[in-house]
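Chain A is fixed; fit chains B, C and D onto it per the hints.
Protein chains in written order, with the numbering used here: chain A, 1 to 81; chain B, 1001 to 1134; chain C, 2001 to 2496; chain D, 3001 to 3275.
It should be emphasised that the hints constitute simulated quantities derived from the structure, not laboratory data.
Below, simulated BS3-like cross-link-like pairs (lysine-lysine); rule was C-alpha separation at most 25 Å, straight line:
no. : chain 1 : residue 1 : chain 2 : residue 2
1   : D       : Lys3002   : A       : Lys24
2   : D       : Lys3270   : C       : Lys2156
3   : A       : Lys80     : D       : Lys3002
4   : B       : Lys1059   : D       : Lys3044
5   : C       : Lys2359   : C       : Lys2099
6   : C       : Lys2305   : C       : Lys2099
For each label pair, taking beta carbons as the anchor points, the in silico distance ranges come out as:
no. : chain 1 : residue 1 : chain 2 : residue 2 : range
7   : C       : Val2026   : B       : Lys1059   : 52 to 58 Å
8   : A       : Gly18     : D       : Gly3112   : 55 to 61 Å
9   : C       : Asn2027   : A       : Gly18     : 51 to 57 Å
10  : A       : Asp25     : D       : Arg3140   : 31 to 37 Å
11  : C       : Ala2470   : D       : Thr3095   : 55 to 61 Å
12  : B       : Glu1126   : C       : Ala2470   : 47 to 53 Å
13  : D       : Glu3111   : A       : Arg78     : 32 to 38 Å
Predicted model, so just to flag it, every value in this text is computed and none were measured.
Even glycine gets a Cβ: it sits at the ideal position worked out from N, Cα and C.
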Amino acid sequence: MIWQIDLAILTLVVITAGGALMVKDLLGAAILFGAYSFMMCALWSIMGAVDVAFTEASVGAGVSAVFFVAAVFRTTRRTKD
Amino acid sequence: MNDLVATIIAKYNYWIYITLMMAGLYAMIAKNNLVKKIVGMNIFQTAIILFYVSIGVKKGATIPILEHAHGHGHDAHQAVHATDYINPLPHVLMLTAIVVGVATLGVALALAIRIYNTYHTLEEDEILAQIREE
Amino acid sequence: MSQQYPALLVIVPLLSALAVAVAGWVNRKWCFPLAAAALAVAAWSSVGLLFRVLHEGVVIYQLGGWPPPVGIAYYVDHLNGLVLPLVSIVALLNIMASKKSVEQEFPDKICAFYTLYLLMVTGLLGIVVTGDAFNLYVLLEIAALTGYGLLAIGEKRSQLATLHYLYMGTIGACFYLLGVGYLYIVTGSLNMVDIAEILPDLYHSKAVIASFIICMVGVWLKMAFFPLHAWLPNAYTYAPSASSSLIAPLVTKVMVYVMIRLILTVFTPKFAFAAIVLSDAVVWLAVIAVVMGAILALAERDLKKMSAYIIVTEVGYMVGGAWLGNRIGMTGAILHIVNDALMTLCIFLVVGNIVYKVKGYAFDDLPGLFRKMPFTMGAFVIGAMSIIGVPPTCGFFSKWYLIAGAISAGRYDFMAALLFSSLISVVLFFRVFEISYYEPFGDSHGHDDRSGGIDEAPVTMVVPLLMVAAILILLGLYTDYIVNHIVQFAIPEALV
Amino acid sequence: MKIIGFIISIATGSLLIYAAADFPAWSDPASPASTYLSPHFIEKTIEETSVPNIVTAVLADYRGFDTMFETTVIFSAGVVCYLLLRTSRRKEPETRYYRHILTGVTIELKEGYKIPPSTDFERIDSLWTPPDLIIRTVCRLLIPFIQLFALYVIAHGHHSPGGGFQGGVILGASIILFAISFDLRAAISRMSEKLVAVLCAVGVLIYACTGGLCLLFGRNFLDYGALAELLGVDAVTARSHGILIVEIGVGIAVMATMIWVYNNVSSAGKYEQGL
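Here chain A stands alone, though its shape is the one from the complex:
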């Protein structure tokens, strides 16, 4: 485990999570959530949990993000917070 990469990914996880919660646009939140999931997936594969990372890559960063985008498309992008 290379600690520099580990640290960089941990930082990115926190940044994308914060971004997904703070950005004032639901489509942006959906995309940032996808990025967050992907960073999580990278973190887990570093930790050796390859199966979990694989699942998260396909489910979290893939299908969940698509569901979010689809739902935002069917409703609205507008948000107050």
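Just chains B, C and D now, with coordinates in the frame of chain A:
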């Protein structure tokens, strides 16, 4: 002081997971937008998954897939030592948790769409105002 | 065959749920018979299992043939032996009673409804029967997800109420998962009995204490214990009557069971009541829950929401009784799980019948109902008597045990809260009786039909309801048997 | 609400931080979690199930019961989305639109009229736009490879990361990609709602029936060792095969549910247009 720094560094994964969990929990309670709450819910769930995956990590061990173990015979492989492989049990549990997460996400989004079709907004205060007017 | 009862119990509803899902695309008429037959088999095997437990003691069933700490095992003792028949029989009676109202409320989606109904029962039975802490989480989520589906197809406001329930339910389930994770990190095991064997050395570990608190908070969220109850009244009120009469009796009660199981089996009473000082505070919370639930119920002007707040009160009874930390209180709490499930079923079935005929459940819709629907309202009287706690009905006996437990624990505040809420229940129900007995039908609607002829709900709805009412009285008469032969063995010797 | 949320999350966080002090050191090989139960899985898996990927073995065999319910969770999510969103199938809109594929002419039909019986017409939605050539071509090229990879992931789950769940999601994602790059109607014409719904249930049924089969052979539920006679192999290999069978079931169920949920969510239950 050095002790404190040492603990912080030694368990930084746990601190990250607690931070993410707090952020998700806060978003679920305090955010006004229904979809934002769902984003918070997912972050909350992934934080717990991160916690479980952290339990499984083992120093000096590799991923839980046995090497040189193809074939079915009992003599085709050498003795396997538990210290060489990462603990697989938390991974199994978390596969299940991820699935549960995406299932909950689907249901929550379906509900949000239904609510939008009824009230034409996703903001909770606006919906409650509309309900009060009825 | 009887060796496989524990498996059949969960697998038969699951298989039939899938069969219903497939059959629904072929012919809609097959859904109901399949579902009812599966629930009958589940009820049969749960009763069989109870008798096996009574004769042979604890039944352990290894799934996949792996011995417990490695694989998942079912662990059936007197406690879940008692709750299993309860769940399956309530589900069976309710599916019979609600056939007509399902056909009336959502004719297009009967098959999806019954699929979810059976999956929900699968989840609840699985929660009760399992002996594995993580397996419980998965089943918890099945019961919760299907519950969201069943609740959200009601009135216009039901979706928002359900979404709130979903947020709260997910937090609750995740807290439980986190608590299990904390247990796993210090013990390395997921099997409940196994954890209980490892834990005594770790009672002073901060992780175990935190795990206990987190698990409890998670379970309280799911059962709507007072400060965490906000999701319940709306979600249950706006739901279709067929789903609310399944979910209202069972979900909160099964969660109380989970709490008692965690206290008795996983953490053991020694830890929960002696090693950490929480029980006083929790009983205080329960006192507040009972009082506030009763007051909030008093403020409501419709029957269904009033019943929903009564559930909050009853949850307060059970949590308080369990946390009194003595044998009598625990007996009362376990007994009350059974009684309250049936009382709530009775009340919600009555509401379902009223909704079926009158299309409303506000107090304004009730006038003249005693003359119009004599059997329904007769059952309502029995259910109400049981909730108030009038002797021949079962509600009296569990309340008796709870009060006796409060006295022997020296918690007179809890006793006072119980008596206070009973008084409030008297007011609540007699108000309903007054409206529906004395005020003539049709006043508020301006109908000209003042004759008040009998216009009872269909037989298929009334007969199960009357059966529930009969069970309420029978349970009251057989309380001694249940306590001496079942509940007594459900509580470990360590708890005095 | 913001203040309450802040207090609650701080309280939770501090409880967790308080508890984390007593955790075993991070990545410690001597921690209880690594020494109590997991050595059994790591050391015995190959003897007992002959599956090198321990995660797959534990997932589908030792804790196979969890996984069956995990599949059920997914299935119930599909049913809930259908129940909540799907609008009645009987109602046909008053005006329908058809497109003549060869000429690209769009026809608007009032209620009661029909198009000439020809395969040259395709039904389209009011907001239909012609699919982009580049996207369409790239997707047409990619989708077979994605599906092939998904099948590899399902089949090779015994030896490498992956298994029914991941493979199923990828398989579902390939169909979702098709629905995004063309439109939902095109995807549904290839995979009808009924087929998707039935596949969902069939996937879980495969899993549950495999377990039920073990009951019929007189063993406990999901004890794949019972399948040895049926498959004509020894008990250990039977476990390996049993795992493969249930993984296929999981794959089918997950694929179908992902498509089902996407169809309902992206069209809000109307089954038109999509994303």
